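Chemist: Spelled out, the chains give:
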Amino acid sequence: MTTTPSKASPALPVDEETRRLAAVHRYLALDTPPDGTFDRIASLAARIFDAPMATVTIVGSDRVWVKGAHGLPGPPRTGRVPGLCASAVLQDGPYVVTDARTDSRTRGNPLVEGDPGVRFYAAAPLTTAHGQRLGTVDVLDTRPRRPTGAQLDSLRELAALAMDAFELRLSAARTIAAERERRTGAERLARALQRTLLPPTLPEVPGLQAAAAYHTASQHEVGGDFYDLFPLDDGRWAFFLGDVCGKGADAAALTSLTRYTLRAAAIYDPDPCAALANLDLVLKGEYQGGAPRYCTAVFGVLEPLPDGSFSVTLAGGGHPPALALRADGTVQPISTMGGQLIGMLPAPRFVRTTTTLSAGESLLLYTDGLTEARTPDGAMLGEDGLTRYLAAAHAVGATDDPQRALLRSIETLLDNLGEGVSDDTALMALSVPAHPETPLQENR
Amino acid sequence: MTEPAHLTVTPSHATEGVFLLSVTGELDYHTSSLLTDAVNEAPFADENVIIDLSGLTYCDSTGITVLITAYNRSRATESQLSLTGVNPDQMRVFELIGLDQVFTFHSTPEEAVSAMRS
Chain A
74 MTTTPSKASP ALPVDEETRR LAAVHRYLAL DTPPDGTFDR IASLAARIFD
124 APMATVTIVG SDRVWVKGAH GLPGPPRTGR VPGLCASAVL QDGPYVVTDA
174 RTDSRTRGNP LVEGDPGVRF YAAAPLTTAH GQRLGTVDVL DTRPRRPTGA
224 QLDSLRELAA LAMDAFELRL SAARTIAAER ERRTGAERLA RALQRTLLPP
274 TLPEVPGLQA AAAYHTASQH EVGGDFYDLF PLDDGRWAFF LGDVCGKGAD
324 AAALTSLTRY TLRAAAIYDP DPCAALANLD LVLKGEYQGG APRYCTAVFG
374 VLEPLPDGSF SVTLAGGGHP PALALRADGT VQPISTMGGQ LIGMLPAPRF
424 VRTTTTLSAG ESLLLYTDGL TEARTPDGAM LGEDGLTRYL AAAHAVGATD
474 DPQRALLRSI ETLLDNLGEG VSDDTALMAL SVPAHPETPL QENR
Chain B
155 MTEPAHLTVT PSHATEGVFL LSVTGELDYH TSSLLTDAVN EAPFADENVI
205 IDLSGLTYCD STGITVLITA YNRSRATESQ LSLTGVNPDQ MRVFELIGLD
255 QVFTFHSTPE EAVSAMRS
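Line by line, the protein sequences are chains A and B. Using the numbering used here, read the first sequence as starting at 74 and increasing by one per residue. Using the numbering used here, read the second sequence as starting at 155 and increasing by one per residue.
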């Protein structure tokens, strides 16, 4: 098989063929679905000529793609051999071979000399708006014949119709590609925005070890979990952790509003319930009328006590209970059950609770991405599962570095759950070291 | 990738003056607009409304916003709203976010209808 054009089908000038092939690749990249459009065009062409076979082809540099066919006896041959469509694509008007046996242009063509023994061939080129000829709509017969002018006109019309179908697909494919690009860009932006919503590092709280982590479930859908830890101006510290409903850029915007509102609210009135009530008012004002949105959160205030422990006052608005890991290895829920979600209810109730963190004790805050994760047997991890896991992990790994060990064990848990974690998860651990640093001796 | 979530919402009348929305499938970020439209079109001003969730297989936070929207509409129009057929897992989520204090629950639409009559 040769790709060298014979005398019978002169080649296009190199530049023109290069431009033509560029156009061919644009349309071939479409990988047209076998939805039957081009088969129907081929079938119509065959009927107009009362011929047994017809095809819609695209002619590449060394092969022919058959995009639609009617009546072909076997799988289409794909080599680009001069004489039939490879030659037809080189000229503007219809290309007609009335008897291939006697026509010098088709000499050596396997479709003529072998199966199915083509004698008659007529083709009209598929021509783009820019004048590039991509391929053909063609009709084949095993008998020699002479087409009428009306038949050739119809063939040209069918070629124009096939070209329209290709154009439509190209334009749809471009629209889809542009839309996909735009979405990916928007998600990337939302993801970047979300990173700016989390503090890059938590501040140093004297006498306390604090660590936080954000586990991303999907690169494609941004969740809206948030946390923060910051000083109040009276020696106390405030922290919060929560989860806004929804995903994507809207959720990121809501997260931003939530975080800054809670920080500002804490300065105005650090009472945890007041901070959540303030957030509730702001969210209701912001999302009034439009698509309503809510968040759930825990807001807390830490107060260092003279003995090195910390008193913790927590308020919850619809958020899963924090878990206290006690020095004796027990895991105790610090529940704010009864507290309601923030931002949508007419008069939400927030529930306050207090606890103390002594030496060797930790408090874990988390979003429901963790407790709603599926274990390998398909069940939800749940608070009970998390509690059991933490109790077991604590028994194994007594350590001087409790908050890091705690987060590490949760991250191991998240890794093990793998795809079972379907939502973003935020984690914060606040720990009072078991062996507080020896105070500087003043009388040395 | 998983298949796109599927949700159907079927409006009907449970009895005269009681409008029923039967929700089946997964109520989430991708499907919730279907229920939002149904809630917005529901005749809260003239009738009591039941949302039957017995066919609900999944509900995420976006789905919950739609249920709260329905609650807020019923409050604004002083009509009654009842959620029916809520499964225990879903009820646990409602408890966690405090919605068990907000909604009226019945096990079936029939039960909700007789409660609304009394």
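Simulated from the structure, these hints should not be mistaken for laboratory data. Hints may contain errors.
Unchecked claim - To give a feel for the contact side, a few chain A residues facing chain B, derived at Cβ under 8 angstroms:
no., residue
1, LEU163
2, THR175
3, PRO365
To be verified - Far from chain B by the CB rule (all over 12 angstroms, computed), these chain A residues:
no., residue
4, ARG366
5, VAL424
6, ASP488
Claimed, not checked - Heads up, incomplete: computed chain B residues facing chain A, CB under 7 angstroms, no partners named:
no., residue
7, GLY179
8, SER215
9, THR216
10, GLN244
11, PHE248
12, VAL267
Here the structure is a predicted model, which means the values were calculated and not measured. Virtual Cβ for every residue (Gly too), placed ideally from N, Cα, C.
Chemist: Does each hint hold? Answer for all of them.
Modeler: Status of each hint after checking the structure:
The criterion of a C-beta within 8 angstroms of any C-beta in chain B is not met by LEU163/A, whose closest approach is roughly 45 angstroms, and the hint is violated. Residue-level restraint check for THR175/A is violated (minimum Cβ-Cβ distance to chain B is 58 angstroms; threshold 8 angstroms). Taken as an interface hint, PRO365/A checks out: its beta carbon lies about 6 angstroms from the nearest beta carbon of chain B, inside 8 angstroms. Residue placement check: ARG366/A does not keep its beta carbon more than 12 angstroms from all beta carbons of chain B (closest about 7 angstroms).
Residue placement check: VAL424/A does not keep its beta carbon more than 12 angstroms from all beta carbons of chain B (closest about 8 angstroms). Even its closest Cβ contact with chain B, about 21 angstroms, leaves ASP488/A beyond 12 angstroms, as expected for a residue assigned away from the interface. Nearest Cβ of chain A to the Cβ of GLY179/B: about 17 angstroms, over the 7 angstroms cut. The hint is violated. Evaluation of the SER215/B hint against chain A yields a held restraint, the C-beta minimum of about 3 angstroms falling below 7 angstroms.
At a threshold of 7 angstroms, the smallest CB-CB gap from THR216/B to chain A is about 6 angstroms, leaving the interface hint in force. Restraint check, GLN244/B versus chain A: the minimum CB separation of about 12 angstroms is more than 7 angstroms; hint violated. With a cut of 7 angstroms, the hint placing PHE248/B at the interface with chain A is violated, because the nearest CB-to-CB distance is about 10 angstroms. Against a cut-off of 7 angstroms between C-beta atoms, the interface hint on VAL267/B is violated, since the closest Cβ of chain A lies about 26 angstroms away.
Comparing the model with each numbered hint stated earlier shows that hints 1, 2, 4, 5, 7, 10, 11 and 12 do not hold.
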